[in-house]
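Chemist: Given the coordinates of chain A, assemble chain B onto it according to the supplied hints.
The chain contents come next:
Protein chains: 2
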Amino acid sequence: MIWFTEYQTKNTGLTVRVKESRRFQSEFQEILLLDTYEYGKMLVLDGAVQTTERDEFIYHEMLAHPALLAHQNPKRVLVIGGGDGGTVREVLKHSTVEEVHLCEIDKMVIEVSKEYLPTISGKLNDGKVTVFVEDGNKFLDERKNYYDVILLDLSDPVGPAEALFKRNFYQKVKASLREDGIMAAQTESPFLQEEYFKTAVQEIKAVFKNSQTYLAFIPTYPAGMWSFTLASDNNDFSTLKDKNISNLNTKYLSDKILNSLFALPKFVSDIIEK
Amino acid sequence: MIWFTEYQTKNTGLTVRVKESRRFQSEFQEILLLDTYEYGKMLVLDGAVQTTERDEFIYHEMLAHPALLAHQNPKRVLVIGGGDGGTVREVLKHSTVEEVHLCEIDKMVIEVSKEYLPTISGKLNDGKVTVFVEDGNKFLDERKNYYDVILLDLSDPVGPAEALFKRNFYQKVKASLREDGIMAAQTESPFLQEEYFKTAVQEIKAVFKNSQTYLAFIPTYPAGMWSFTLASDNNDFSTLKDKNISNLNTKYLSDKILNSLFALPKFVSDIIEK
Chain A
7 MIWFTEYQTK NTGLTVRVKE SRRFQSEFQE ILLLDTYEYG KMLVLDGAVQ
57 TTERDEFIYH EMLAHPALLA HQNPKRVLVI GGGDGGTVRE VLKHSTVEEV
107 HLCEIDKMVI EVSKEYLPTI SGKLNDGKVT VFVEDGNKFL DERKNYYDVI
157 LLDLSDPVGP AEALFKRNFY QKVKASLRED GIMAAQTESP FLQEEYFKTA
207 VQEIKAVFKN SQTYLAFIPT YPAGMWSFTL ASDNNDFSTL KDKNISNLNT
257 KYLSDKILNS LFALPKFVSD IIEK
Chain B
7 MIWFTEYQTK NTGLTVRVKE SRRFQSEFQE ILLLDTYEYG KMLVLDGAVQ
57 TTERDEFIYH EMLAHPALLA HQNPKRVLVI GGGDGGTVRE VLKHSTVEEV
107 HLCEIDKMVI EVSKEYLPTI SGKLNDGKVT VFVEDGNKFL DERKNYYDVI
157 LLDLSDPVGP AEALFKRNFY QKVKASLRED GIMAAQTESP FLQEEYFKTA
207 VQEIKAVFKN SQTYLAFIPT YPAGMWSFTL ASDNNDFSTL KDKNISNLNT
257 KYLSDKILNS LFALPKFVSD IIEK
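Those protein sequences? They're chains A and B, same order as listed.
Numbering of the first sequence is given in this note's numbering, commencing with residue 7 and proceeding in unit increments.
Numbering of the second sequence is given in this note's numbering, commencing with residue 7 and proceeding in unit increments.
Bound-form chain A, shown alone (with noise of 0.2 Å):
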């Protein structure tokens, strides 16, 4: 039997029994695509699972549909990282939504997605969408004051999105928003990575004058336990609770779970606090 285990610290790993695997090395990194008896396929990058057919729901829901939901009127939503695509298949459940750029620096995670991951990737070709493969560093310096919302879909803090988790970076999306415009992001686990989680959400607080950090359930990921950021200067997040989510089909976000978001456990909201 083929066993893979990410560890996820040095410490403690998850591991998954595996049919099939496929590896690849990009310009960036190693990408694994494996097929698993128990998650179905999952995409790997530097030996951390990104994504699988099985839980990806989860993230996609969770990362996108707080902040569209937020906004008044989303029209133009940039997805920075997210080449598996799920992300931009979330965003297309929004019918006011006309224009997605997703901003993935490599090219081989959207071949790869594209190829095997068909259930996650498959509507990169929407026509709404626009993929570009730039550092999303640069990408924004070419663009301001001109989505209404950008989603911050990133591997961990070391590697290729080590850049985009620092307070230049957050300064930089901010100038790309609109004056109304709202920003999320997965800001790491708040249980296994406390020093990636606290200082994400810190860097974000001193850029945005609001923000509100959320976890969600995510198997797969670190502790099973994952965060997400909402920013935004001129939006509180407040009428977010009352949105009716009935026509994004979701399999994870229910009323109830919108409506009770920021409901964080003590340790968690200590180490924002504190």
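Check before you lean on any hint, since a few could be wrong.
What the hints assert, rightly or not - As a list, the in silico DSS-like pairs of lysine-lysine whose alpha-carbon atoms are at most 25 Å apart:
#, chain 1, residue 1, chain 2, residue 2
1, B, 247, A, 247
2, B, 262, A, 280
3, A, 204, B, 16
4, B, 204, A, 272
5, A, 272, B, 262
6, B, 16, A, 262
7, A, 257, B, 129
8, A, 262, B, 257
9, A, 262, B, 249
10, B, 272, A, 249
11, B, 262, A, 211
12, A, 272, B, 215
13, A, 249, B, 247
14, A, 280, B, 257
15, B, 150, A, 249
16, B, 280, A, 272
17, A, 204, B, 262
18, A, 262, B, 215
19, A, 25, B, 16
20, B, 262, A, 262
21, B, 204, A, 262
22, B, 272, A, 99
23, B, 211, A, 262
24, B, 272, A, 129
25, A, 257, B, 280
Keep in mind the hints are simulated off the structure, nothing from the lab.
Modeler: Using the frame of chain A, we list chain B on its own:
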């Protein structure tokens, strides 16, 4: 390096690096006491992680407090299973409680916990606590209409705890509760143990007039997503959200978590309702 993997299903597992291990064989099961790098001391029964020093607070707070807070005046509390003592420790934080019975079938679990897990088991010697080394099924037959709260702190429904996930057992629990009594049970992982979860919740619903399921992030349990179910004939749990928890010194349970305790992801409510 020594590694331990719990195969949470045939096809996926949690892997932890081990400093030192001790193995005991009781009349009922294999007991491993691992000293791990990531989670501190870890208690493992028949290969399944029961509790770890680092994340035990989540499980024990979330099993004990909702039921005790929902009851107007909990005086007599029974914990079935829970030989590590963590649930008893949380129960004793409620000042109304006068008498705590612990009914654990495996004496060796209690002994190992007392010796190696003092921060978890430390309250088992409290004057309000009586420990019974007995089969939960038989124990309940002798105590009808007695308890205000009964907490089912059981291992998975295979091995020693199998009989304690059945309708017949929930009926005995109900008969041992007073009229306004409340049961709380751990009801497995909705993600990796969907059948166990569904069956437990359905059997509880078949026995009690009111029941409510809630989740907590438990990193060392399957999928990191764990469920609990409250049940009662004469309490609908609607007052729970306004209870004051400031005196409980919790690390997971917060006012907001309590307030939105029953907010479930859509796929989880779908499992229960279908």
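Chemist: For the pair supplied as a hint, residue 204 of chain A and residue 262 of chain B, confirm whether the alpha-carbon distance does not exceed 25 Å.
Modeler: Between residue 204 of chain A and residue 262 of chain B the Cα gap is close to 20 Å, so the pair holds against 25 Å.
Chemist: Given the proposed pairing of residue 280 of chain B with residue 272 of chain A, does the C-alpha separation stay at or below 25 Å?
Modeler: violated (33 Å)
Chemist: If you draw a straight line from the CA of residue 204 of chain B to the CA of residue 262 of chain A, is it 25 Å or shorter?
Modeler: holds (20 Å)
Chemist: Take the C-alpha atoms of residue 262 of chain B and residue 262 of chain A, compute the straight-line distance between them, and say whether it is at most 25 Å.
Modeler: This hinted pair holds, its Cα atoms lying about 13 Å apart.
Chemist: Under the criterion that the straight-line Cα-Cα distance not exceed 25 Å, is the pair residue 249 of chain A, residue 247 of chain B satisfied?
Modeler: At roughly 22 Å apart (the allowed maximum being 25 Å), residue 247 of chain B and residue 249 of chain A satisfy the hint.
Chemist: Do the alpha carbons of residue 257 of chain A and residue 280 of chain B lie within 25 Å of each other, as the hint requires?
Modeler: holds (14 Å)
Chemist: Are the Cα positions of residue 262 of chain B and residue 211 of chain A separated by 25 Å at most?
Modeler: With Cα atoms ~21 Å apart, residue 262 of chain B and residue 211 of chain A stay inside 25 Å; holds.
Chemist: Is the Cα-Cα distance between residue 204 of chain B and residue 272 of chain A 25 Å or less?
Modeler: Not satisfied, since the Cα-Cα distance of roughly 29 Å exceeds 25 Å.
Chemist: Run the distance test for residue 262 of chain A versus residue 249 of chain B: straight-line Cα separation, threshold 25 Å.
Modeler: holds (20 Å)
Chemist: Does the alpha-carbon distance linking residue 262 of chain A and residue 215 of chain B stay inside the 25 Å limit?
Modeler: Cα-Cα ~23 Å, so holds.
Chemist: Just to be careful, I want the Cα atoms of residue 25 of chain A and residue 16 of chain B compared with a cutoff of 25 Å; is the pair within it?
Modeler: holds (13 Å)
Chemist: Below or equal to 25 Å on CA atoms is what counts here, so check residue 211 of chain B against residue 262 of chain A.
Modeler: Holds, at about 21 Å.
Violation of the numbered hints given earlier is confined to hints 3, 4, 6, 7, 12, 15, 16; the remaining hints are satisfied by the structure.
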